[in-house]
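J.: One-letter residues, chain by chain:
4 protein chains.
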Amino acid sequence: MYRLFRVGKMPTTRIEAFSDGVFAIIITLLVLEIHVPQVQGKDISGGLAHSLLAMAPKFLTYILSFVVVCIWWVAHHHLFGVLKRSDRGLLWLNNLFLLWLAFIPFPTALMGDFPGERIAVVGYGTVTTLAAVSFTFMRYYAFYLSKLVDERIDRRLLKSAMLKSVLNPVLHAIAVLLAFVDGRLAIALYIILPLMFFIPGKLERYVPSGETGSPS
Amino acid sequence: MYRLFRVGKMPTTRIEAFSDGVFAIIITLLVLEIHVPQVQGKDISGGLAHSLLAMAPKFLTYILSFVVVCIWWVAHHHLFGVLKRSDRGLLWLNNLFLLWLAFIPFPTALMGDFPGERIAVVGYGTVTTLAAVSFTFMRYYAFYLSKLVDERIDRRLLKSAMLKSVLNPVLHAIAVLLAFVDGRLAIALYIILPLMFFIPGKLERYVPSGETGSPS
Amino acid sequence: MYRLFRVGKMPTTRIEAFSDGVFAIIITLLVLEIHVPQVQGKDISGGLAHSLLAMAPKFLTYILSFVVVCIWWVAHHHLFGVLKRSDRGLLWLNNLFLLWLAFIPFPTALMGDFPGERIAVVGYGTVTTLAAVSFTFMRYYAFYLSKLVDERIDRRLLKSAMLKSVLNPVLHAIAVLLAFVDGRLAIALYIILPLMFFIPGKLERYVPSGETGSPS
Amino acid sequence: MYRLFRVGKMPTTRIEAFSDGVFAIIITLLVLEIHVPQVQGKDISGGLAHSLLAMAPKFLTYILSFVVVCIWWVAHHHLFGVLKRSDRGLLWLNNLFLLWLAFIPFPTALMGDFPGERIAVVGYGTVTTLAAVSFTFMRYYAFYLSKLVDERIDRRLLKSAMLKSVLNPVLHAIAVLLAFVDGRLAIALYIILPLMFFIPGKLERYVPSGETGSPS
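Chains as they are written, first to last, in my numbering: chain A, 893 to 1108; chain B, 893 to 1108; chain C, 893 to 1108; chain D, 893 to 1108.
Hints listed in this document are in silico derivations from the structure and should not be mistaken for laboratory results. Treat each hint with caution, since some may be false.
One copy or two, it doesn't matter: identical chains are merged, so the pair holds either way.
Quick list of in silico lysine-lysine cross-link-like pairs, DSS-like style, CA-CA up to 25 Å [as the list claims (entries may be wrong)]:
1) Lys1051 <-> Lys976
2) Lys1051 <-> Lys1039
3) Lys976 <-> Lys1056
4) Lys950 <-> Lys1051
5) Lys1051 <-> Lys934
6) Lys950 <-> Lys976
7) Lys1051 <-> Lys1094
8) Lys950 <-> Lys1039
9) Lys1056 <-> Lys1094
10) Lys1094 <-> Lys976
11) Lys1094 <-> Lys934
This structure is a prediction, so every number in the text was calculated from the model and none was measured.
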């Protein structure tokens, strides 16, 4: 494993640029699924209002996906902000994470179209759980397996971030199991969980030495 | 609020790269909505000319959206040009701004297809107003709440840019209200407003020390 | 004009990143227009071969557009390589250039579908001429109006690049006029012209001091 | 040839940013081909499950394309990591490589839809072979023809990477020939070959001086 992955030290600039491109495309492509409605007949105004109202789930799905992807982007930004270099293993774990992330628009749209179908609710949760597992493992690899972190950072901060990161896939997996009991419960958890990770942890409040933490 | 947002000092490079990606995709995706017309029958030449003429609103919508998004890009470029760092709050305010910005192609296309419908004209104005509100608040946060600005910049320049920035959402909101009186008046204002922000303010004419203002 | 454009000195990094995003999206979106053919009936193999053969103009259009956009990208890369900074005027001239460039896939597809129609051939030429005019004017602005060029570069190299750059829109405009005489002649010129600009000029062979020109 | 290509020394930053954009768009666009199924009738649950199952080849195609493009991205990252500058020839060889790479989604989707058709299997292999030929020639150009490599790197490492790189198009071409014997054999090889290049070579395990190879 060592010879396969923990090799080829390189700066993190290009892995960040590539990921930023993928993140930017995902959030923007979501709008492509929203088409101007075709309205015909005598009552154009009424027909248009009715069509737009019927598109409400699509708008909500757009906002939900956008927020979820942005939360991942902020987490990715924070993670790479404490790394001092990357290696081949990090490239591939990042690729694996992006594989699930780039796939998210599909199960999100599926759940938006079939909110009452168990297969759609389970599908969405499975993909987000896999994204969360990949991200958590990427963090574990960077923090402990390949030691890519800036040494000046307090180890307790790393541990606290790691523990919070492990919670993410675990809670998503529980939401998937809940979907077999009650789909609405699972969907509610899908919406609450990102909010939980919206709140910054201790490491994300970390300020590099030389900067003042309190901007007076 | 302090612990949630004004934390995690970091350089502005990645937030700029991510935003540039989103901006670049939005202006390019607009062309995707323009399809080569299907022409059949005996008079291909006449049918093609007729189809292209009928597509004129689509071409105008493309140019309008392109110009509007570019004006936002230039403003974003200027804003981040005076910042010396970013933080978690700036990331999220930027994400909120991008949420509305990335959505703009939809109401623009809607208004292009239904220029006479109030719901379309009001919809376009509402989304651009929300984008303007987000951008203005991001500027306020960066200038005053989280003090992310390069200290060498004259405070009067910041204040002048802030005041101009507040005008933007206010005037857009007025245009939305006008749409309830006369849709054409609102559309006219939608076209005039970006031109107003095309003209650079004092801060945008700011030259960092070490550079000469007059190039010659 | 001075107060509107030759203001706001800034590095060229972000204008390059934004343009690279647009270039990258344009060349990649071209493939989106190529769809897997729907084949039904008994003779799948024959039907598929026939469908793919019928798609030949689409493949050629893809390659032509790709090469044309890449030639622009290389020219853009070379132009910005000799600039030491950007300003507001350059941002807007670059935006104007990108407006035409991002539009190119549409007239290219139109010409691919209707190679015998004058309106399609004239349309393609008009858009490429406008892109060439914008690019040439952007060069003129950067070289002479706003003096954004690295001073160490020989003025004769700039003049030679400027003259070659002026030829580009002129020859494209001639090709458009030729389309009114014979469409095939115009198309031939559309294919030959990019090849002419594929050959590097003196400025593009320029090597910054400190680097050796001959890589021995 | 010298005057055409081995001119215009420049940093590799912009060629990397442009390529990253293309890579990011390709892997993300692949999802666009996966649409939420339209399900009607009484048994929505059964119909949805059935539709999703029927989409299995599309999901597999997505994962295969994603992995193949990521392997190219990692190889590209490693190649440019050892270069100290770029030139006009490298720009154009990179463009040629990107031309084939950006085209890969089409033959991949074609093979996903028609796995039993020789023309689809041969088509996929031909495009990947052309991508491999371009990439190998780009490496040869950078290593030997234009000498763009950081001089501190051991020439034996370059030679070893070069030899492995030559294997890639050769093996892909053999897979294409196999497609004329048995399509399934060719497809199997298409899946095995990327895995072979997933394993890093000696050069990719290279650690720049100043960095320690063993992190711990």
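J.: All hints, please: hold or fail.
T.: Hint check results:
no. : hint                : result
1   : Lys1051 <-> Lys976  : within (18 Å within a copy, 30 Å between copies)
2   : Lys1051 <-> Lys1039 : within (13 Å within a copy, 31 Å between copies)
3   : Lys976 <-> Lys1056  : within (22 Å within a copy, 30 Å between copies)
4   : Lys950 <-> Lys1051  : neither (39 Å within a copy, 40 Å between copies)
5   : Lys1051 <-> Lys934  : neither (65 Å within a copy, 52 Å between copies)
6   : Lys950 <-> Lys976   : neither (40 Å within a copy, 38 Å between copies)
7   : Lys1051 <-> Lys1094 : within (10 Å within a copy, 34 Å between copies)
8   : Lys950 <-> Lys1039  : neither (43 Å within a copy, 38 Å between copies)
9   : Lys1056 <-> Lys1094 : within (10 Å within a copy, 37 Å between copies)
10  : Lys1094 <-> Lys976  : both (19 Å within a copy, 23 Å between copies)
11  : Lys1094 <-> Lys934  : neither (60 Å within a copy, 52 Å between copies)
The earlier numbered hints that this structure contradicts are 4, 5, 6, 8 and 11.
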